[in-house]
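K.L.:
Read off the chains here:
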Amino acid sequence: MVFRIYTQRVLDLASAVGGVAVLVRKTFRWLPSARSDGKNVFNQMMEVGVQSFPVTSLTALFTGMVLALQTGFSFRRVFNEPLYVGTVVGLSLLKELGPVLTGVVVAGRVGARIAAEIGTMNVTEQVDALHTLGTHPVRYLVVPRFLACLLMVPLLTVYADVIGVVGGYLVAHFRLNVPSSIYWDEIRAIQIEDAFHGLIKSVAYALIIVITACYKGLQTSGGAEGVGRSTTSAVVISMVCILVSDYFLSAILVSLGIG
Amino acid sequence: MIRLEGVHRAFGLNRVLRGLDLDVREGETLTLIGGSGTGKSVTLKIMVGLLKPDQGRVWVDNQDITVLDEDELSRVQRKFGFLFQGAALFDSMTVAENVLFGVRNLKPQELVHGDAIVERCLGLVGLKPEVAALKPAELSGGMKKRVGLARAIAHEPEYILYDEPTTGLDPIMSDVINDLIVDIRAKLKITSIAVTHDLKSAYKISNRMAMIHEGRLVAVGTPDEIQRSDNPMVHQFITGSSQGPIQMPVRSY
Chain W
1 MVFRIYTQRV LDLASAVGGV AVLVRKTFRW LPSARSDGKN VFNQMMEVGV QSFPVTSLTA
61 LFTGMVLALQ TGFSFRRVFN EPLYVGTVVG LSLLKELGPV LTGVVVAGRV GARIAAEIGT
121 MNVTEQVDAL HTLGTHPVRY LVVPRFLACL LMVPLLTVYA DVIGVVGGYL VAHFRLNVPS
181 SIYWDEIRAI QIEDAFHGLI KSVAYALIIV ITACYKGLQT SGGAEGVGRS TTSAVVISMV
241 CILVSDYFLS AILVSLGIG
Chain E
260 MIRLEGVHRA FGLNRVLRGL DLDVREGETL TLIGGSGTGK SVTLKIMVGL LKPDQGRVWV
320 DNQDITVLDE DELSRVQRKF GFLFQGAALF DSMTVAENVL FGVRNLKPQE LVHGDAIVER
380 CLGLVGLKPE VAALKPAELS GGMKKRVGLA RAIAHEPEYI LYDEPTTGLD PIMSDVINDL
440 IVDIRAKLKI TSIAVTHDLK SAYKISNRMA MIHEGRLVAV GTPDEIQRSD NPMVHQFITG
500 SSQGPIQMPV RSY
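Protein chains in written order, with my numbering: chain W, 1 to 259; chain E, 260 to 512.
Derived by calculation from the structure, the hints in this document are not laboratory data. Keep in mind that a hint or two might mislead.
The calculated DSSO-like cross-link candidates involving lysine-lysine, where the alpha carbons are at most 27 Å apart (straight line), are [unchecked claim]:
(1) E:LYS387 <-> E:LYS366
(2) E:LYS338 <-> E:LYS403
(3) W:LYS26 <-> W:LYS39
(4) E:LYS459 <-> E:LYS403
(5) E:LYS304 <-> W:LYS26
(6) E:LYS459 <-> E:LYS448
(7) E:LYS366 <-> E:LYS448
(8) E:LYS446 <-> E:LYS463
(9) E:LYS403 <-> W:LYS39
(10) E:LYS338 <-> W:LYS26
(11) E:LYS366 <-> E:LYS338
(12) E:LYS459 <-> E:LYS304
(13) E:LYS304 <-> E:LYS463
(14) W:LYS39 <-> E:LYS366
(15) E:LYS338 <-> E:LYS448
(16) E:LYS446 <-> E:LYS304
(17) E:LYS311 <-> W:LYS26
(18) E:LYS366 <-> W:LYS26
(19) E:LYS463 <-> E:LYS403
(20) E:LYS366 <-> E:LYS403
(21) W:LYS39 <-> E:LYS394
Examples of chain E residues toward chain W, derived with CB under 10 Å [what the hints assert, rightly or not]:
(22) ASN364
(23) LEU365
(24) ARG410
(25) ALA413
(26) HIS414
Between beta-carbon pairs, the in silico distance windows are [as the list claims (entries may be wrong)]:
(27) E:GLY503 <-> W:GLY223: 23 to 33 Å
(28) E:VAL326 <-> W:ARG25: 12 to 22 Å
(29) E:GLN314 <-> W:TYR6: 28 to 38 Å
(30) W:PRO54 <-> E:GLY271: 43 to 53 Å
Glycine is no exception: its CB is placed at the ideal position from the N, C-alpha and C atoms.
All chains should be modelled from the sequences, with the hints used to inform the complete structure.
P.N.:
What follows is the structure, encoded as structure tokens:
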């Protein structure tokens with residue numbers, strides 16, 4: 001009995017991995033069609049990018065502030081001075097916290113919305129209707145969201161990095177009395193590879209979020225309960241994949257000398 | 260012409276279709292009747308390629324659609340209009356955008372006459388042009404079905420499929436929809452296949468009726484022949500009796 005349950009779980013996992021691979025292949029196949037669907041892509045970019053600005057700003061601002069606070073007080077305890085606050089805030093945000101926190105915020109906000117929207121369309125037969133009206137659902141539903149996430153998540157990450165660094169500066173300067181010139185000199189000393197390190201990660205997280213959400217949405221069945229299940233699992237899977245892949249991406253990028 | 264040969268389809272352990280054979284003749288309206296869960300809606304979705312059969316063949320105009328790739332199947336699907344049970348209108352679009360959705364994808368050159376197409380299709384289903392600017396959330400159940408029908412016929416399909424066209428509507432609105440189905444067949448000469456539990460509707464719109472039970476065809480004939488059928492399953496179904504060869508599992512508490 002236990003063996004059968006685990007066998008079924010392995011089969012389900014294999015089926016899901018296969019399903020995701022097929023969805024990725026179809027998405028790339030329909031990618032050129034986005035040229036004639038500019039309005040839809042633009043609307044999705046607004047939804048993914050512009051609508052996520054406030055929550056991303058708030059998250060990044062307070063993350064930068066708390067980083068500066070913890071670093072400053074810890075270093076003051078050890079060295080009697082709040083040293084390297086700019087370096088720690090800048091590197092932490094650019095390489096790790098900027099892309100990861102933006103990914104988690106987008107997974108919670110945009111991933112949930114995509115899974116719920118496509119899932120609802122699926123259970124109300126709107127996805128079937130697309131087939132009978134001459135449009136492939138991947139072309140109409142997945143490609144615009146895919147492009148929007150791929151373009152906007154890295155932009156949001158850059159934006160989060162900037163806001164976080166500014167938040168760090170506010171605490172470093174006004175709370176820890178670090179001179180402005182020292183903080184900004186430390187930020188300017190950060191290598192461009194460190195910024196690339198974070199940007200490459202943000203592209204990977206965008207892929208994880210959009211493909212997971214679209215796959216879960218298109219697999220939805222069972223009415224409102226099914227939509228709820230798909231939405232929850234899309235968010236949970238995206239977040240877990242972001243956090244797990246963060247380690248492996250970091251290891252690969254560091255070994256390649258990128259950041 | 261549509262032909263199903265020995266079609267099987269299961270969902271997990273639930274074998275819905277178990278060797279269904281069915282012919283749909285050109286220009287007719289064939290209605291599929293039968294109890295809940297007997298595979299009527301699944302049959303409709305298999306006809307249009309939305310579901311693939313596990314076994315068997317489905318011929319649409321002498322082309323076996325079970326062996327087609329995605330692009331070839333998409334070309335066959337263009338021959339169909341589909342009125343879904345809940346109308347399946349796109350919530351984010353207006354009525355006009357819904358009606359023109361298929362035209363935009365299948366006959367983009369006709370979009371220059373978009374307003375005229377919307378007006379003509381809404382007129383065919385008895386709706387005024389003012390409805391065009393409304394969103395689906397602003398429509399009643401009957402109006403949604405009519406808009407769904409307008410959308411299904413806008414790209415001038417060769418076949419139209421109706422999944423429970425009168426379910427959830429009051430008797431008067433049901434009869435209005437029945438009249439529309441008859442009217443559209445007369446005006447557009449479209450082959451139609453409907454799935455319904457509503458026998459009054461089935462008698463009114465059909466040239467032929469086919470009864471499905473446990474995934475197989477048990478009877479087919481004109482509405483008169485079905486009403487006079489001596490098949491005990493057909494008799495039980497059309498009289499709506501709980502006594503007879505069709506046993507519905509009832510859970511006791």
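K.L.:
Would you list, in rising numerical order, the hints stated earlier that this structure does not obey?
P.N.:
none
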